[in-house]
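Trainee: Whole structure, please, built from the sequences with the hints as guidance.
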Amino acid sequence: MLKPLKSNTEEKYPKLYNKVLDAVGKVGNRRDNLIAILLDVQSVSPGNYISKEAMLAVSEIMGIPAQEVYEVATFYHAISTKPRGRFLIQLCRGTSCTVNNSVNVKDSLEAELGIKIGSTTSDGIFTFEYTPCFGACDVSPAMRLNGRIMGNLTQEKIRHIICKCREAAENE
Amino acid sequence: MSKPASIISKNFYKVNPDSINDYIAAGGFEGLKKAASMKPEEIIDILDRSDLQGRGGAAFSVAKKWTHALRVPAPVKGIMCNADEGEPGTFKDRALLKLNPFGVIEGMVIGAYVGGGSEMNYARIYIREEYTYLHERMRNAIKQAEEKGFLGKDILGTGLNIEMKVVSGAGAYVCGESSALLESTEGKAGRPRIKPPRLNNVGLYNLPTLLNNVESYSIVPILVRDDSEYRSYGTEKSIGTKMISVSGKVKRPGVYEIPFGTTIREVVYDIAGGLSSRLPLKFVQIGGASGAILPASHLDTPISYEGLTEIGVAVGSGAIVVADESSSLLDYFDSLAHFFAEESCGKCTPCREGNRQLVRIVELMKSGNATSADFQRLSSILKHMKGSSFCGLGKTEPAPFISAIKHFEDEIQGYFK
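Protein chains in written order, with my numbering: chain A, 1 to 172; chain B, 1 to 417.
If you are wondering where the hints come from, they were derived from the structure by calculation, not from laboratory data.
Quick caveat, the model's predicted, so the values are computed rather than measured.
Be careful, since some hints might not be right.
Unchecked claim - Subject to a maximum C-alpha distance of 16 Å in a straight line, what follows is the list of computed EDC-like cross-link-like pairs (lysine to aspartate or glutamate):
| no. | chain 1 | residue 1 | chain 2 | residue 2 |
| --- | --- | --- | --- | --- |
| 1 | A | Lys52 | A | Glu68 |
| 2 | B | Lys148 | B | Asp22 |
| 3 | B | Lys98 | A | Asp138 |
| 4 | B | Lys165 | B | Glu146 |
| 5 | A | Lys106 | B | Asp334 |
| 6 | A | Lys106 | B | Asp331 |
| 7 | B | Lys417 | B | Asp374 |
| 8 | B | Lys34 | B | Asp227 |
| 9 | B | Lys64 | B | Asp48 |
| 10 | B | Lys165 | A | Asp32 |
| 11 | B | Lys251 | B | Asp270 |
| 12 | A | Lys19 | A | Glu60 |
| 13 | B | Lys148 | B | Glu30 |
| 14 | B | Lys347 | A | Glu71 |
| 15 | B | Lys143 | B | Glu163 |
| 16 | B | Lys188 | A | Glu68 |
| 17 | B | Lys188 | A | Asp32 |
| 18 | B | Lys251 | A | Asp138 |
| 19 | B | Lys10 | B | Glu229 |
| 20 | B | Lys188 | A | Glu71 |
| 21 | B | Lys251 | B | Glu266 |
Said to hold, decoys possible - Pulled a few chain B residues facing chain A out of the computed Cβ check, cut under 8 Å:
| no. | residue |
| --- | --- |
| 22 | Ser37 |
| 23 | Arg94 |
| 24 | Asp331 |
Here a beta-carbon is modelled for each residue, glycine too, at the ideal position from N, C-alpha and C.
Mentor: Below you can see the structure in the form of structure tokens.
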């Protein structure tokens, strides 16, 4: 794998740099793999996000200007440039879910988590946000928990799911 | 009593989607084998005979598109499949990818045979990030098709070469727009390109590119193999069947295949089992988030190109969202306005700023502070967005607002002082 002769980013953040090198090595250093690489780096980063340093490392290793990496990283919803919780809860705000009273789901989740939608709990376990329709309208109202679809949500179901997440977080 | 059809969805739940042998045993790749013995023009004639129109939403004639592709000979071309199904309320492509992945591949290979490059074809299936769980299935399908010689070098002795890959989206509705999809496939931010040049001339990696929706590709092998059954369905002007996604307040939400000409009422009450609540139906939205909102009085409209055009509505992606009397149009507007504001790519002013204003006005309506001047502003913004946006997102987005204002004038006016 070809890399720059001398890199400030590598000196300062060797661990992160190697992670990015791995991700690029897996799929190959081609411009059309940029989105896949950013998603991959994000998935192995603590906080489930792309930091400024990660963007710089991607830029150096792939030879793409940093502002272009930044442009792509900020354009797509699936790539976050802010740290997120251990569990990412994305509530659908689509039309079907609205018709099926996703507002009740939102209220229950807010009560259960103790935060408003669009924020992260202070212990860093949960991030709760809206997301556009992800095509699970047949089981609406629905949400994604770390990418996994959970549908036909009711208050009991939400309580159960959050409870399980809390347990899992404690055991880690 | 109206029943769903089973032509495009023939293999659903009957053929193992992870096994190419099962697909072949069910008659799979026979369409491709037959196509390989025909001239490209003959295949286009078959598509033209059924008047197959693009199923992503724009409803452009597939035969015309493929004829254009045939007229642009090039050694290397791009073959794209749009599986970035972002239209709220639509999930029919999810079903096709999940339950009939080989059908999509077969359709793409036939597409490459007709309108592809003579030396090499870069085929890409762009699947949205939200369907990550389908990426592996599709990669597995591609691998099996390669092993059987339906992909790769010199397919079925025709000299056709295809290199097929799955590309993941990363959550952007605008990437469903054809040129934005290509930008995203190339690893850039998914903003639409200016046209012309058309994708037929300059597309993926600046190569001439053929791009179709998942459903369009899925139908092609069926038509090439034997189109008599498909053609026995539908109306005089809309031949065949359509995959639709029904959701909202119905008992059996899901993906169904219906013959063109089935009325909205039959879909809601027969196929989807009627409303899930005891309240009467208030409105339906046809064709996704940018489709029209229709009141109960329009339920007897047939779902066909000519039937819906008559009342100024498009078939679109084939989504039908049903709402009962408990749903308020304001909540619905709220969902739509925030969705579009979030998803506008920001390239052109009418869409970027228009959406910002739409959200502002909807927020005013919610707080009860909207005035009649705001209503005027809303109408004017919608008109300008429709007329002067850069791509289909901004151009079609005003449809639900305009139709709702038309059909539910009293309720909407009630939100403005």
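Trainee: Work down the list of hints and note, for each, if the structure agrees.
Mentor: These are the hints, each one checked on the structure:
1. A/Lys52 / A/Glu68: 13 Å, holds
2. B/Lys148 / B/Asp22: Given that 16 Å is the threshold and the Cα spacing comes to 13 Å, the pair holds.
3. B/Lys98 / A/Asp138: Roughly 15 Å between the alpha carbons, so the hint for B/Lys98 and A/Asp138 holds.
4. B/Lys165 / B/Glu146: Holds. B/Lys165 to B/Glu146 sits at ~11 Å (cutoff 16 Å).
5. A/Lys106 / B/Asp334: Holds. A/Lys106 to B/Asp334 sits at ~15 Å (cutoff 16 Å).
6. A/Lys106 / B/Asp331: 14 Å, holds
7. B/Lys417 / B/Asp374: 9 Å, holds
8. B/Lys34 / B/Asp227: 13 Å, holds
9. B/Lys64 / B/Asp48: 8 Å, holds
10. B/Lys165 / A/Asp32: 12 Å, holds
11. B/Lys251 / B/Asp270: 10 Å, holds
12. A/Lys19 / A/Glu60: 13 Å, holds
13. B/Lys148 / B/Glu30: 13 Å, holds
14. B/Lys347 / A/Glu71: With a Cα-Cα distance of about 13 Å, the restraint between B/Lys347 and A/Glu71 holds, given a limit of 16 Å.
15. B/Lys143 / B/Glu163: Answer holds: B/Lys143 to B/Glu163 is near 11 Å, not above 16 Å.
16. B/Lys188 / A/Glu68: 8 Å, holds
17. B/Lys188 / A/Asp32: Holds, at about 7 Å.
18. B/Lys251 / A/Asp138: Roughly 10 Å between the alpha carbons, so the hint for B/Lys251 and A/Asp138 holds.
19. B/Lys10 / B/Glu229: 12 Å, holds
20. B/Lys188 / A/Glu71: 8 Å, holds
21. B/Lys251 / B/Glu266: Distance ~14 Å between B/Lys251 and B/Glu266 Cα, so the pair holds.
22. Ser37: 35 Å, violated
23. Arg94: 5 Å, holds
24. Asp331: 6 Å, holds
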